[in-house]
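> Residues per chain, in single letters:
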Amino acid sequence: MDFALTDEQRLLRETVREFARTEVAPVAAELDRTKSFPYDLVAKLGELGLMGIPYPEEYGGGGADTLSYVLAVEELARVDSSLAITVAAHTSLGTQPIYLWGTDEQKEEWLPDLCSGRRLAAFGLTEPEAGSDAGATRTTARLEDGEWVINGAKQFITNAGTRISGCVTITAVTGGSGPDREISNIIVPNGTPGYEPGEPYRKMGWHASDTRPLTFTDCRVPESNLLGRRGEGFKQFLHVLDGGRIGVSAMAVGLAQGALDEALAYAKERQAFGGPISRFQAIQMKIADISAQLEAARLLTYRAALEKDSGKPFTLTAAQAKLITGRLAVRACEEAVQIHGGYGYIEEYPVCRFYRDAKILTIGEGTDEVQQMVIARCLGM
Amino acid sequence: MKICCLVKEVPDAAVQKRIDPNTMRLDRSGEKNLNPFDTHALEAAMQIRESGVVQVDEIVAVTMGPESAVRALHKAVALGADRSVHLTDPALEGSDVNATGYALAKVLESEQPDLVLLGQQSDDGECYTIGAVVADHLQVPSLTQVIKIDVAEGKLTCERQAEYGYDTVEVELPAVISVGDAINEPRYPSLKAIMGAKKKPLDTKSAADVGIDTSEVGIEGSKTRVLAINPPPAKEPGEVFEDEDTDETVNKIVAWLEERKLV
Ligand SMILES: Cc1cc2nc3c(=O)[nH]c(=O)nc-3n(C[C@H](O)[C@H](O)[C@H](O)COP(=O)(O)OP(=O)(O)OC[C@H]3O[C@@H](n4cnc5c(N)ncnc54)[C@H](O)[C@@H]3O)c2cc1C
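Listed in order, the protein sequences are those of chains F and D.
Residues 32 to 412 (this note's numbering) make up the first sequence, in order.
Residues 876 to 1138 (this note's numbering) make up the second sequence, in order.
Take the hints with a grain of salt, since some may be wrong.
Unchecked claim - Listed next, the in silico DSSO-like pairs over lysine-lysine satisfying Cα-Cα at most 30 Å (straight line): (1) K390/F - K234/F; (2) K1110/D - K299/F; (3) K343/F - K1074/D; (4) K75/F - K1023/D; (5) K75/F - K1074/D; (6) K75/F - K907/D; (7) K299/F - K892/D; (8) K1073/D - K343/F; (9) K1067/D - K343/F.
No lab work stands behind these hints, which were simulated from the structure alone.
Chain F with its partners taken away, still in its complex shape (with noise of 0.2 Å):
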């Protein structure tokens, strides 16, 4: 068992570190006050090839492996989960169907585009009655004249509603009824007459990402759009939020550590009682637990990842990465407020932007629940 990163990994790791402090981190506050979208961030980040880190560099991507790209996620993470998400999403997400089951055409279409950060991928799966239930899907697509023609509504998609937008992949109904629904991903193409991208949601955090409700009126895109074969939609999307989940495990371990390193940071430099918090033992002891905890999440987190390259299964893994790390952001951030008393509720202070920010890792990608689902039936259950 080797723990130790490769001279690559070490690199982009402390690449993305430097970039995150001296490029995000001053401008994280005002972009979530501001509720702006990080054009700017996404195109330095392309620039730099971390758009695409996982992808072969034939198609622009980084050719790096599914471990680089955590270690990048989690970075971004530690100062900044709104950009986090938005690299995650379109890396993950929107762009992983399309080079997984792409056609050598679909692949040529979007991939040099998206990998290199000028365009934004999407991947619309939730609807308004389909969230964990993501079977039940109600949108529909009707194959007429060699067109698709779509009709529904996605609820909560990442990343389809920025100028830079280029597609989203949605699941739709593409035939059959009741248990023998049928199931395809399709690309919708942003600009695509009758696919309308709604007004971004007031959410908790994440407030420089991009998040919408997405409608389809009467939405015609041609049938060659349909991605991978028809009917497999339902293995597909497991497919890709299985490796989803391996993203946001990081953006958590990520979240976290930044709760820790501002925790520890203002413990030593907040004076009560004659000297600073943190010669309190009960301060020492939530430092140390999330600490703790937050090593064993990374090697969990990781761990999935090479699992994920390695060509085995990932599916049990991922998904004990997501639950145990998005619970432990939650806390961590939930104690660095709690150490940083009053000033832990005011905006000047990162965690409280970092509270926020980490309560939808536990509802996102597959609720907690749904990790346990995943987990015991993996488990024979």
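Given the coordinates of chain F, assemble chain D with the ligand onto it according to the supplied hints.
Relative to the frame of chain F, chain D with the ligand by itself:
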């Protein structure tokens, strides 16, 4: 034009620095990184190349150090150097500034660069002198604290940051230039460059390969020896004025400052 950049692996800035009391040398066992000042030298080389004023045929990163120093070279080529040279030999261990400068000069003799660039200081030893020592061994001109370089055929015009202002100095090539961190904003290596770093040639050289006289290097060959290392004297505690009556406190502070001719 051929540019050699001297680079060094140093303890990461985030690591608490510690002197090993047995060897009297810096404990370099923790996380290490490319000396941040050297990234400015590499960036300067890249900017000379990209300016197109002269044709830069090659940028070569050169380091002397233990096996782990290869990582600093990987970063250097990820930042734009075309290839790298790693001088490593047990005989070099413990070399002082003069011995290190001599050893590096021997590598440079074998490379014959037109321009040698390096950071003005290392983040660990902070001696600021290696450039001058290398230049002395090579018998070429040397400038320190350079924050602007204009190239022309066969010469450079450099701006030096001095305590009293700025010097503008013209220097003939070949020359050794140590750059200050105000000279540029180093770029980040792209993922592509990081992934490609190991594909760029890396030559490993022993002391004998570059004709180093081993009696001139290492602990034995060094002309200086560290006898003792002491922490800096603790600062006198400052004077604290309790603020009971603000007018009075202000008067006290002003009086204190006037006494020291600070206002
Ligand atoms: C900011 C944000 C960004 C998002 N981005 C995307 C995106 O890009 N693409 C996308 O497709 N979706 C996205 N989502 C949607 C997200 O994945 C869903 O919100 C999530 O899967 C939960 O679905 P739901 O909201 O419908 O909750 P529901 O499914 O209604 O769940 C409600 C509660 O019931 C529990 N529950 C449901 N079923 C069971 C069960 N069988 N057993 C036990 N408990 C159960 C849940 O765990 C939860 O606690 C995003 C959401 C948010 C908030």
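> Given the proposed pairing of K1110/D with K299/F, does the C-alpha separation stay at or below 30 Å?
Distance ~21 Å between K1110/D and K299/F Cα, so the pair holds.
> Holds or violated: are the alpha carbons of K343/F and K1074/D at most 30 Å from each other?
29 Å, holds
> Against the 30 Å threshold, does the CA-CA distance of K75/F and K1023/D hold or violate the hint?
26 Å, holds
> Below or equal to 30 Å on CA atoms is what counts here, so check K299/F against K892/D.
19 Å, holds
> Verify the proposed pairing of K1073/D with K343/F, using a straight-line Cα cut of 30 Å.
28 Å, holds
> For K390/F and K234/F, compute the direct alpha-carbon distance and say whether it is at most 30 Å.
11 Å, holds
> Hey, K75/F versus K907/D, does the alpha-carbon distance stay inside 30 Å?
Roughly 26 Å separates the two Cα atoms, so the pair holds.
> Would the hint linking K75/F and K1074/D be met if the CA-CA limit is 30 Å?
Since the Cα atoms of K75/F and K1074/D sit roughly 25 Å apart, the hinted pair holds (cutoff 30 Å).
> Given the hint that K1067/D pairs with K343/F, does the C-alpha gap stay at or below 30 Å?
Measuring from Cα to Cα gives roughly 27 Å; hence the hint holds.
When each numbered hint is compared with the structure, no violation occurs for any of them.
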